[in-house]
Amino acid sequence: MAIPLKYNLRNLIVRRVSTLMTIGTIALVVAVFVALMSLANGLNSSLVETGSPENVVILRDGAQTEMQSFVTKEAFQVIQTIPGIARDTQGKPIASGEVVVLINLLRRGDISASNVTVRGVSETGVALRPHLKLVGGRMFRPDVGEAIVSRKIADRFQGASLGDELQLGRRKFAVVGIFDAGGTGFDSEIWSDVVGVSDAFDRASYSSVLLRAENVATRDQLVSRIEAEQRLKLESKSELAYYEEQTSASGPIRGLGIFVAIIMGIGACFGGMNTMYASVAYRTREIGTLRALGFSKLSIMTSFVIESMILALIGGVIGCLLALPVNGIATGTMNFRTFSEVAFSFRITPDLLLSALVFSLLLGFIGGLLPSRTAARMPITKALREI
Amino acid sequence: MADTLINLVRVTKHYRRDTIDIPVLDNIDLEISRGEFLALMGPSGSGKTTLLNLIAGIDKPNSGRVVIDDKDITKLSEQQLAKWRARHVGFIFQLYNLIPVLSAYENVELPLLLTSLSKSKRREHVMTALSVVGLEDRERHYPRQLSGGQEQRVAIARAIVTDPTLLVADEPTGDLDAKSAEEILDLIKRLNEEFHKTIIMVTHDPRAASHAHAIIHLEKGVLSKSGGVYEVPAAHN
Ligand SMILES: Nc1ncnc2c1ncn2[C@@H]1O[C@H](COP(=O)(O)OP(=O)(O)O)[C@@H](O)[C@H]1O
Ligand SMILES: [Mg+2]
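Chains A and B supply the protein sequences, listed in that same order.
Counting with my numbering, you get residues 25 to 411 for the letters of the first sequence.
Counting with my numbering, you get residues 1338 to 1574 for the letters of the second sequence.
Be a bit skeptical, because a hint or two may be false.
[Said to hold, decoys possible] Computed Cβ-Cβ distance ranges for the label pairs, DEER-style:
1. A:R40 x B:D1409: 39 to 49 Å
2. B:T1452 x A:R401: 35 to 45 Å
3. A:L385 x B:H1541: 42 to 52 Å
4. A:R309 x B:E1473: 40 to 50 Å
5. A:R40 x B:I1357: 38 to 48 Å
Worth flagging that the hints you see were computed from the coordinates, not collected in a lab.
Just so it is clear, the structure is predicted and the values come from calculations on it, not from any experiment.
All residues carry an ideal CB built from backbone N, CA and C; glycine is no exception.
Okay, chain A solo, but in the shape it has when bound (with noise of 0.2 Å):
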C-alpha cells in the first residue's frame, strides 16, 4: 500500500502559508487560461454555428469574403437556371442575390469607430436564415428606407436602436427592428432589402448569393454543377463551410491565448516547483525514516507527485471559479478576414473548465517531478542524519 493520502494533505494544511501563495499563482494562471479561451470559444461560437446544411453560398471565384466579392445580376440569373435548387411553393428557385457592405459606426461612450457589415437581402435571404429572430419592433419593408440591426450591434453602437436613423451610404434607413441571430454570425450586422441597399451603396453587382439545395444530401452535387460554369467564373460552398473558415480569426486568440498560458503555466510551474522543492527538503528526516521502514522510492515520488497534484487542482478549481464570472459577457473585435465588428460573448463550456482543470493538473505533476525525484533518491542514511 502506498504512504496515505491523509500525509499529504495535513502537509499542505501544517505548510498553509506556501500552500495558499501556490494555490493562488495556480488559481491565477488557470483563470487567465479560462479567460482566453473563453474570448477564443465565443468568437468560434459566433461564427462556425453560422448556417444551414443545405444552403449554399456562391462567391466569385477567388474571393474569400462577401466583400470581397461580386456576382452580377445576369450571372444570377445563369444560376437559377441550374438544377438541384430547392424551388418554394410557387416553383421559383430559392436564391438570394445579396448586396455586403462595410460601414462605420460608432461605438457607444467612445469616439472610435468600427465596421459593421450591412447586408442587403430579398424575403427569400430572410427565409433562408430561420434561426434569425425579431426580439424587438418589426421586420423592415422593402425599398421604404427600413433596417433592422441585431441586438449586440445595437446594444453596442451609437445610433444604431430601434427608432434611430442610420446613415446607409447615400441614404438614410430608419431602425425598425432588432433582431437576434443566435449567436450566429449575423448577430453582428445590419439587415435592410437587397434593392435598398445597393441603391444606397451605388451597387450594380451582388456580393453573393445564397441559396438552398434540394437537401443535404444532393447539396455537394449543386456546389460541382456550380463550378462547372467555368464562364461564370464562381466559387461555391456550403454555407458552414464558408463561415467555418471565418473563424480562422478566432485562431490568433486561441494561439495567444495557448500562449499566455503556457508562459504563465511555466512560471506557476516554477512556483510550485519551488513549494515542492522546499517541502522535500523540509522533511528530508522523514523521507529517510518512511524509506528505512520500507516505503519504496517509488512510493515516495508517487506521494510528492500527487501532494504537488493536489495543490494544483485546489488552484485550478479556484482559478476556474474566478473565471466564471466573466461568462456571457458580450464584447467585439476584428473578424481579421472580413474587418468588420464581429460581437461575440466570453463562452465558458463545460469542455473548457474541465481542460483548465487537466491543464492544472498537468501544471502540479510537471513542477512536482523534479522535487519529487530528488526526494526519492536521497541516500536513506544521509537523509536520517539531517536535522
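Given the coordinates of chain A, work out where chain B with the ligands should sit on it, guided by the hints.
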C-alpha cells in the same frame, strides 16, 4: 554457541569526500546470536551509526558480506532490501523520527501499510504494540502533544508492530532526561527478555550500555570487546 543471526564478514566501509577517502570501517568481522542484546559504544564519529546502518540494510559496505538469518543482504536489490527491512528490522532513532502530521496510532500503523493486513487486523496489531509500550490511551495524540519519552515509546511501538526479528536503536536515549531514559532502557530490555528480540543499541552512555548483555567498542574502524563479548556485564542493575 547459540544460533547466529547476524554475521559480518570482512566488512569495509569508507566515504568519499571530494577526492579524499575517509575510512570508517576496516575489515570488520562480527557475529551476533539470535536473542542477543548488544550495546555498541565508541567515540563520536567512530562509525557506530554506519555499522548499525549496514546491519539494518539501509546502507551497503564497499566490500565484505552482511549475512542476516543466512541471507547476504548486500546482494539484494534496493527494492528487495526495502521489502526485507519492512519484514525483519525495527528502527528506533535518537530523535524518534515520528511523522508530525500523523497521530500516534497512524505512526505505528505506517509499517503495516506495507503488509496485506486488513484494516481491522492492522488495528489489532497497532493497539497491541501501543499497549506493550503503555500508550494505548494516547492513540489519537500527535507527536507534538507527547513528551520526549512518550514519543520514543510510540516510535518503539512502530518498530515492533510488524514483529521484526531485529531491532536497531541508534542512541535511543540520547535526547531524553535521565528518568525517561531509564524507562526507555527498561522497555528495550523487556523487548529482549519478554519478546526475544535481537537488539543492537548504539550508545555512548555507559549506564545505558550496562543494560545490555554485552558491549562492543568501535574505535578507529576496529571492534574490540569489553569484558569479553557476549558476556553479561556485571555492572548492570
Ligand atoms: N554520508 C557521508 N558522507 C561522508 N562522510 C560520512 C557520511 N556519513 C558518515 N560519514 C563520516 O563517517 C564517520 C563515521 O560516522 P558515524 O557512523 O555517523 O559515526 P558515529 O555514529 O559513531 O558518530 C564520520 O567521520 C562521519 O563524518
Ligand atoms: Mg551516530
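Results for each hint:
{"no.": "1", "hint": "A:R40 x B:D1409: 39 to 49 Å", "result": "48 Å, holds"}
{"no.": "2", "hint": "B:T1452 x A:R401: 35 to 45 Å", "result": "26 Å, violated"}
{"no.": "3", "hint": "A:L385 x B:H1541: 42 to 52 Å", "result": "50 Å, holds"}
{"no.": "4", "hint": "A:R309 x B:E1473: 40 to 50 Å", "result": "27 Å, violated"}
{"no.": "5", "hint": "A:R40 x B:I1357: 38 to 48 Å", "result": "44 Å, holds"}
In summary, the numbered hints that this structure violates are 2 and 4.
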